[in-house]
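As they're listed, the protein sequences go chains R and V. Once you know that position 259 of the first sequence is 258 in numbering that gives the first Met the number 0, the rest is easy, because the numbers rise by one and skip nothing. Once you know that position 85 of the second sequence is 84 in numbering that gives the first Met the number 0, the rest is easy, because the numbers rise by one and skip nothing.
Please note: incorrect hints may appear among the correct ones.
Listed next, the stretches of chain V that the computed footprint assigns to chain R, with coverage defined by at least 3 CB atoms under 8 Å from CB atoms of chain R [what the hints assert, rightly or not]:
(1) 20-28
(2) 100-111
(3) 166-178
(4) 230-243
Some chain R residues well away from chain V (every beta-carbon gap over 12 Å; in silico) [unchecked claim]:
(5) M104
(6) R383
(7) D457
These aren't lab readings, by the way, just hints derived from the structure by calculation. Ideal Cβ placement from N, Cα and C applies to all residues, glycine included.
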Amino acid sequence: MKATTLMMTLLGTVAIGSMAAAADIRIGLNEDPDSLDPAQSRTFVSSLVYESLCDRLFNTNTDMEIIPELATEWEFSEDGLSLVIQLREGVTHHDGTPFNAESAMRVLERNQTLPTSNRRGELSSIVGMETTGEHELTLTLGAPDVTLIAQLAHHAGRMYSPDAAAAADEAGRTFGANPVCTGAYKFAQRVEGDRIVLERFEDHWDAENYHFDRVIYQPIPDTTVRLANVRSGDLDISERTAPSDVPQIRNDDRLQLFEVPNIGYQGITINVGNGPRSEGPLGSDARVRQALSLSIDREALNQVVFEGQYVVGNQWAAPGTTWYDERDPVPARDVERARELLAEAGVETPLRIEMQTGNNPVAMQQGQVIQAMAAEAGFEISLRATEFATLLSENAAGNFDMSQQGWSGRIDPDANIHPFVSCEGANNDKKYCNEEIDRILQEARTLPDFESRKALYDQSREILAEDMPLIYLYHIVYFYTLRQGIEGFEPYADGIIRLRGVTG
Amino acid sequence: MTDASLMPAAGATALAPRKPNRTWTKLKKNRSAMVGGVVVVLFVLIAILAPVLPIPSPSATDWGKIRLAPSAEHWMGTDEIGRDILSRMIWGARASLMAGVISVMIAVMIGVPLGVLAGYFGGWTDQIIARATDALLAMPFLILAIALAAFLGPSLTNAMIAIGLSAVPIFIRLTRGQVLSVKTEDYVEGARAIGLGHLRIMSHYILPNVFPPILVQATLTIATAIIAEASLSFLGLGQQPPLPSWGSMLATARNFLSQAPWMALWPGAAIFMVVMGFNLLGDGLRDALDPKET
């Protein structure tokens, strides 16, 4: 009898043990996210973690249309100066405090007022907030803002516990080191550069659709190593698989491949106004930047580094998409013209410039291709490979000539251009400033109809093509590698991995 | 008994006419050392002749020829951005050998004088130098080199300095030990007795007699330094693109192991050969320079 009980207990323990192990999902990330404070984050990769950790007011479907999440209904007033949002009932934060209109308001207020917040520009149209019911929030806008819902469908609308955030802020602790949010999984542990562990939150309003006990995010910058980890079963999902590995994965029965064109862009950000390093010929003379752009063969870059799997580009919108300006097609390479421009600018060649690049093999390869192409026009580019978070902080500090970097893209066009080129833009590390651009982009925020908005963006595109603080190069396609057995996964154009309904 | 057996031998050495090339004769007989020597000479020749060999530029790219397998046109194939691998291997040999030789020269030039000082003067001079050396030796060679290279900033020159500095303690300790045994020899005592200055005793009486083991150690350390340079370049802390280095070539090749295995094969094989060459040569030199062995 005793022996039987013991056996049963042992068997039970083994069963539970193996169940627990099977109920983890491991996701390989291309970079280690920056701060996990939704008010501060500025990386794409942090969105992947947030999607399980902090629910947002609005989400998007696979067609990138807005759908409700913590907001269930919303309505703009006729003059567009007020927005009433109905919030989901029965939602609690991970610390047990209830989510309601008041907590949502405090989160938005913190996002607007925290000195280190990167959300201020995104929420600048909101001039007043009030709770008009337990679960009804009314926002007053200074001017009509058609971008607002899209902003609230991203970092700015990620809902966290205002009490926990206020406590951390007051005590001088970093809220992002121990975030308390509303998502299906709660924060358990983070080892910088190694892993972020989230645990199932039983009281989540949609808990039944989330099937894992733990979600473990592991930053592995090397695409080959990341892929090898999926092959060996140490990872279940790997994001941003290298295009050069795609043909092999297609032929591997143990793996599944998913792909979706991204809505963002990749390119080179040039320091045109941030500190002394912007004062060289590259930062101070637009002709030099135009020459650099002309020296790059975008099509060859795509073929050589990305096996032709990506889409070449020259604007923040990809060719063929809604916001692309067809009057300005992707330019062909023109080394002659590039040399002429350098001569006109009176630059002594070779012009030595440094390019910051990610420390992963694909970024390095791309850097070397650009280096070789630009050399023919008279640029001598040295590459500085840095870890992603360092790259961003070096950018912010103005410690760069130019940086190879991109943007994961947002559904509303404003967020793909305004933060990068407006004088006070949150991501404008190059400190580009042109009052005309500011005026145009500000006006575009207020126009609800597509045609007039597009006309303004086209107008800004013309100015930017002349000033060229950013060189757009290509648009990536997101490839995801999954081990066989993971089911219910769907790729989204914003690149964010949704675990709702995923099993395995 | 012991004395009796030693006496004739000592007497014979004293009486026999000294052959000027005794070391060379011994080295020539050592087959593996000769193989090592030939390999080293071959790589050195290739490295020296790199600018005049009829090869394309190591940085010349061809977008139409990405990751081609070895062929008549590209004997070792092409790399991930269409550069000729043979050319990069040859220019990479320059980086590797230069890194090996120059970093060891740095280590010898700093380490040997410090070792002689410590061993010759003893006392607090020795205490300071020897303890500092012990502290440095407590850190693994490569870790120290990586830390220094990261601190100095990524470039081949800095990598050489980092590797050289990391190898300094090896030479301090070796030299000090040799000096400790040599300075009690009669001829040193004699030199002191006739009133020669410290500097002259160190440079004319001690240094020449501690030199052979240092030469052996230097040869072996070149091998280690070449691996260290490859490791630093692999980590992006050595030779900077587009200039080639075997280490950085390996780092890139790792991403295409299944699509283009030859990209990793050549630099891997070259590092293996040249390191083996220096090791065999160093071993042979040690045997040849050892007065105890016949």
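Need the list of violated hint numbers for this structure, in ascending order. Hints 1, 2, 3, 6 not satisfied by this model.
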